[in-house]
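Participant: Given next are the chains, with one letter for each unit.
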Amino acid sequence: MSEIANLKAGLIADIAAADTLEALEALRVGAMGKNGVVTGLLKTLGPMSPEDRLEKGPPIQDLRESVAAALATRKAALEQAALDAQLAAEKIDMTLPADPGPQGSVHPVSQVMDELAEIFADLGFSVATGPEIEDQWHNFTALNMPETHPARAMHDTFYLSAEDGAEPKVLRTHTSPVQIRTMMNQEPPIRIIAPGRVYRSDSDATHTPMFHQIEGLVIDKGITLGHLKWTLETFLKAFFERDDIVLRLRPSYFPFTEPSVEVDVGYMLTNGQRVIGGDGDAPGGGWLEVLGSGMVNRRVIEACGLDPDEWQGFAFGTGVDRLAMLKYGMNDLRAFFDGDLRWLRHYGFSALDVPTLSGGVGA
Amino acid sequence: MKFTLSWLKTHLNTDADLSTILKGLTNIGLEVEGVESPAEKLGAFRIARVLTADPHPQADKLQVLTVDAGDGPLQVVCGAPNARAGLIGVFGAEGAVVPVNGMVLKKTAIRGVESNGMMCSFRELELGEDHDGIIDLDPQAPVGQVYAQWAGLDDPVIDVSITPNRQDCMGVRGIARDLAAAGLGTLNAIIVPEINGAGPGPDVRVDDADGCPAFFARTVKGVTNGQSPEWMARRLKAIGQKPISTLVDITNYLMIDLGRPLHVYDLDVLKGPLVARKGRAGEEVLALNGKTYTVDDTMTVIADDAAVHDIGGIMGGEHSGAQDSTTGVLIECAYFTPERIAMTGQKLALTSDARGRFERGVDPAFLDDGLSIATDLVVKLCGGTPSEATRAGEPPVAANTVRYDPSQCLSLAGVYVGDDEQKRILQSLGFGIEEHDATFDYQDGVPVTTPAYWTVSVPSWRRDVDGWPDLVEEVVRIVGLDQVPSTPLPRTPGVAKATATVEQLMERRVRRTAAARGLSEAINWSFISEKEAASIGGGDWALANPISEDLKVMRPSLLPGLLSASRRNVDRGASSVWLFELGRRYFADRERATASFVLAGEKLPRGWQTGKAQAFTAFDAKSEVVALLAAAGAPVGNLQSFGEASAAYHPGQSGTLRLGPKTVLAEFGVLHPSLAKQFGLTGTVVAGEIFLDAIPAKRRNGFMRAPYAPPALQAVKRDFAFVVDEALEADALVRAVRGADKKSIVDVRLFDVFAGPGVEESKKSLAIEVTLQPGDKSFSQEELDAISASIVKAAEKLGGVLRG
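As you go down the protein sequences, you meet chains U and S in turn.
The first sequence begins at 1 in the working numbering and counts up by one.
The second sequence begins at 364 in the working numbering and counts up by one.
Treat the hints with care, since some could be wrong.
[Said to hold, decoys possible] Non-contacting residues of chain S with respect to chain U, defined by C-beta distances greater than 10 Å in every case (computed):
| no. | residue |
| --- | --- |
| 1 | 655 |
| 2 | 854 |
| 3 | 861 |
| 4 | 945 |
| 5 | 946 |
[Unchecked claim] Under the rule of at most 27 Å between Cα atoms (straight-line distance), these lysine-lysine pairs were calculated in the DSSO-like manner:
| no. | chain 1 | residue 1 | chain 2 | residue 2 |
| --- | --- | --- | --- | --- |
| 6 | U | 237 | S | 386 |
| 7 | U | 169 | S | 860 |
| 8 | S | 710 | U | 169 |
| 9 | U | 221 | S | 860 |
| 10 | S | 894 | U | 237 |
| 11 | S | 894 | U | 91 |
Treat the hints as calculated values from the structure; they're not laboratory data.
Beta carbons: idealized from backbone N, C-alpha and C, even for Gly.
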């Protein structure tokens, strides 16, 4: 074996055996440094005759390349080992808990109001609002409930203190005054819904002094009870997202509509829960009252300055809290107004549960 | 309104079964609220004979009976004093459920003697209050038969809800009439007996024709009061009316049967003429319910020379009512004005069955007949001789007609009902119909066509009907609303348009942003207590009739509701409360849409990373306020920070954000400790309110955004530290620096506040990072120096000194 071959074998063996980056660096300097053995051999090539160089050059070049490659390989291996060791030393307990951040929620009443707005937008109804502290004309008189009307006494009205002689204002007992305000301020045809807080001086397991209603009003030409029926069926099917919704319409009485219709929806008792859907007269079924409605009384249309021979329409009202309970299964109305974080997180909705027609209105 | 099936059948001749009748009632607008058959729970109780009765060997008060309920003798231990051999009573065998307490009867041993069931008292079967002994029946009662059957208790009690417009259905007859119209039988003719009065009618008169336009009366002398006949007592009992005496029961019975309230006075008590007049201030009546009422001159009373005997149309007086000893009566059949009755009833807070009928308006044409029927019943059941009738005043019977075109049924209700069917329905409800053919004539030489129409006369008992839509309603409810075809609303072509208002969109964004940031939405009462209102400066509106003192003042702030809710959560063990509400605040001139939040308890619980639990700070409130304002679309970058938050907040750790100096968009900060304490909250509570109605609506000019291209050159950042007076607000320095070179300075961010070693007493050092954006070429050193100089100069104007 030539001298150079021996040198190469020795250097490569040394490099492979180097166990630290420092030792490797010392070997590199010893071989490839300014005064290294390989550098020394390379320097001998300069003064040689071309013939000699042709003969002796290649082994020396080969030596240089081989040693450089061995150094690089070994360096990479040692660096990887060092990094592995460092990472191994940095291990932490990943089962430790992370901060989940606070969990917020949207109240079911707000969620259901958004759902209703979405459904009725598709039917062409826009949203109207009105004051909650209302005058008696808008809350009663214009709705065909004169002062001595028995229905007025039945409304369990909250009156606000007034100066002597002034007619006291009331907390609106229903969202119907928004009908009046809309008809007085807007030219027909009209299609609106009016959601909001309403008040009755009533408090027990199923009544709270404040609750939420949504009112619907359509005023147009040629509107009949048949349109009302279709609208309510369509809306309830969309709201409960079930095709087996069965309605029972019952003649009733409201001063502001004629004919007046109360609407029950069929349910089935399933595991002790009332589940909306199906014929309420079927075995295991029953009916729940969900809506009051009717054809707007001609006197109401007249009171708003419209000609009842020209314009005709229907109105309906329903309890938002009640709809929420029926859809999502809460059974205590009072809990809606208690602000219990446990309840709000359980029955509330995520900020991103925005009702859409494409994604489904329910969440 | 309750009645029994057999009662209904005294007016309605029908083969329909119970379930058909119940369905029919609901379909025509007489909603069935309940139906109950007392026989159902009494099915296991049979008529039994006591064969033998012997003393109990171990107990003086007990007897050992052998009882035969049709299946041979059984041994029963019984404690009733009236138990005796030969008695016919009611026996509950093993397995029967005792109605009064739900106890299931079992074979048992009583003081060592076997007992196989129970002989029952009326109270145990919920048939009365009698518990002095066991039921002692007619000796002829058939042993072995189910008692309820024999006693006629298998008569279902139907409870229907009558809407306020249907006075006529406040009597069984009216309900029968409606059912007959709906095809569920035929209405029996009403029999009005002829009364041959002996002698002149009583001296009654009307002095208050507004309140009581008509007062009809007869006397019956020589009556014997007593127990009502079994049929009458049974029907009254079945619907929950306690039989009192024949004379009283007759009035109650006719009120339920015909919807006609009556009153019977003891003739011996009356002194002088009986007058319907206005009450006089201070007059008192002890009413039949045992309470004394003070009447006034807005009310109508029935009085004689000595006293007021009746709160007209609402409740009679205790002293002049018929007693067991009564031998002569005056029967009153009057018409009271509904509005007056309603007002008097409300004022006295007095409800009664009579009020319920008079305030809806009884049939004004039924006074004579009602009086005759009542007189006849009194004579038949109590004997005596009737007088002639006195008719004081005139009942307001007005012929009421409605012009009706049967095609209006289709145009309003959307359902076609043939003319003949409409006619049949209306006539069976008591309406009269006069048909008019279409006519053609000339008026002033102009040809005029009048289409055919009907003149419909309204029956006197249908005060509620006064226009053609009422007739449509009658037709449709009898035909059935299920016959109305579901008709789609016309739909505007194309995809549905957006309908939400600007305010609604703003509220939605604020709500969902708050929820996304970890706050839970509460809905609190709009009313708060006076004390709570006072703690935040008082409210403008108070309820005159609050449901409780806690819910009295319309809230001028959402904070009290949220603080109370926070307290409840803390009481339930919540360590951290993040609540918000969107709602209105109520002021004298307007209702203001507001978003409000409260953060209480721990911001972060103690943790392995963070150490001790961390409290909220004023800047947590500021952070929420700014985020929610941004969500609402407020120009957050242009808002100015001010102090002067309301007194609800810590005076030194609160602020407002304003658009210009006057328009306050939000206030926030640490809650004033004394307010927190008032609501029982400890530790630092922070809160904020955003006045949504003060936020200017964003004008939207289409969807196109302003053109944008990223700057070609990299921005340059430079740091400065200024020593300023301790009192200088950081925002002032930031604004001043931002204004130093509006063209180049695009952002100024404060990143350090320091006071202490190296900074003089009563001074602080504020460090800011300024971002400079070059235009089309890089800044030269001279330009950078000039900008720095102007920044230093701007700071100097505020007393700031560049820190070396």
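Participant: Does each hint hold? Answer for all of them.
Facilitator: Hint check:
Non-interface status of residue 655 of chain S relative to chain U is upheld: no Cβ of that chain comes within 10 Å, the nearest being about 23 Å off. Here residue 854 of chain S does not stay apart from chain U, with its beta-carbon only about 7 Å from theirs, under the 10 Å limit. Against chain U, the non-interface label of residue 861 of chain S is violated: not every CB pair exceeds 10 Å, the least being about 7 Å. A cut-off of 10 Å between C-beta atoms contradicts the statement that residue 945 of chain S is not in contact with chain U; the least separation is 7 Å.
Its beta-carbon lying about 8 Å from the closest one in chain U, residue 946 of chain S breaks the requirement of being farther than 10 Å from that chain. Using a Cα cut-off of 27 Å, the hinted pair residue 237 of chain U and residue 386 of chain S holds, with the two alpha carbons roughly 25 Å apart. Note on residue 169 of chain U and residue 860 of chain S: the hinted pairing is violated, with a Cα-Cα distance of about 36 Å set against a maximum of 27 Å. A hinted pair counts as satisfied when its Cα atoms are at most 27 Å apart, and residue 710 of chain S with residue 169 of chain U qualifies at roughly 19 Å.
Using a Cα cut-off of 27 Å, the hinted pair residue 221 of chain U and residue 860 of chain S holds, with the two alpha carbons roughly 21 Å apart. Only pairs whose Cα atoms come within 27 Å are accepted, and residue 894 of chain S paired with residue 237 of chain U is rejected, the gap being roughly 46 Å. The straight-line distance between the Cα atoms of residue 894 of chain S and residue 91 of chain U is roughly 59 Å, outside the 27 Å bound, and the hint therefore fails.
In this structure, the earlier hints numbered 2, 3, 4, 5, 7, 10 and 11 are contradicted, and the remaining ones agree with it.
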